[in-house]
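Colleague: Kindly produce the complete structure, drawing on both the sequences and the hints.
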Amino acid sequence: KAGVTQTPRYLIKTRGQQVTLSCSPISGHRSVSWYQQTPGQGLQFLFEYFSETQRNKGNFPGRFSGRQFSNSRSEMNVSTLELGDSALYLCASSRDSDSPLHFGNGTRLTVT
Amino acid sequence: EDQVTQSPEALRLQEGESSSLNCSYTVSGLRGLFWYRQDPGKGPEFLFTLYSAGEEKEKERLKATLTKKESFLHITAPKPEDSATYLCAVAYGQNFVFGPGTRLSVLP
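Residue numbers (my numbering), protein chains in the order written: chain A, 1 to 112; chain B, 1001 to 1108.
There's no promise every hint is true.
Quick list of the computed label-pair ranges, beta carbon to beta carbon [said to hold, decoys possible]:
id, chain 1, residue 1, chain 2, residue 2, range
1, B, A1010, A, R95, 32 to 38 Å
2, A, F69, B, Q1094, 21 to 27 Å
3, A, R95, B, K1057, 15 to 21 Å
Simulated from the structure, these hints should not be mistaken for laboratory data.
Where a beta carbon is used, it is the ideal one built from N, C-alpha and C, also for glycine.
Modeller: Written out as structure tokens, the structure reads:
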């Protein structure tokens, strides 16, 4: 069974640009969550999508947005990038809200 | 305030030296507690789920236990390949919150 796939693995962007990250969940998983991981803040929850609807949202500014498609694949967008957005962005999928999250290996975003 | 903490922040063990990692939580309505292992440059890898106080789960050299306010991850006779960051996460209400992790180094 294929795991969670995230693309791209690495990205370098300039301040002010925007970026789109992609996530393909495990087959059969309808919930997709996104997390930001930095050395100082650990894993911070961004948002969760279930059946194309945002079900939960963390405390991030509106520059961070996401969506989920009918095939459960998800994208995350960050607009007007800031230096502080440099982080590992992790996507995770699960069967339902009480099931464990299964993570991809992340997209390493560097903003210069 | 709802919170998930882990201790110690970092732990160095000699190969074969058993120890325990702690995850403490102050949340209402716990739905589950999860343990993950994360290697550098990779996403967290799921280890265990615990749903109720008194529950225990085992996998190779790892054993996870749960009480009403904390969970322990016991590592018996660790090997260098057990070196990683161990994260706990708590599901409650609509939330799924991770602790800051314990960075474990096992020296040969």
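Colleague: Indicate, hint by hint, whether the structure satisfies it.
Modeller: Results for each hint:
Between B/A1010 and A/R95 the beta carbon distance is about 34 Å. The supplied range of 32 to 38 Å therefore holds. Checking the proposed 21 to 27 Å range against A/F69 and B/Q1094 shows it holds: the Cβ atoms sit about 22 Å from each other. Distance hint check: the CB atoms of A/R95 and B/K1057 are about 18 Å apart, consistent with the given range 15 to 21 Å.
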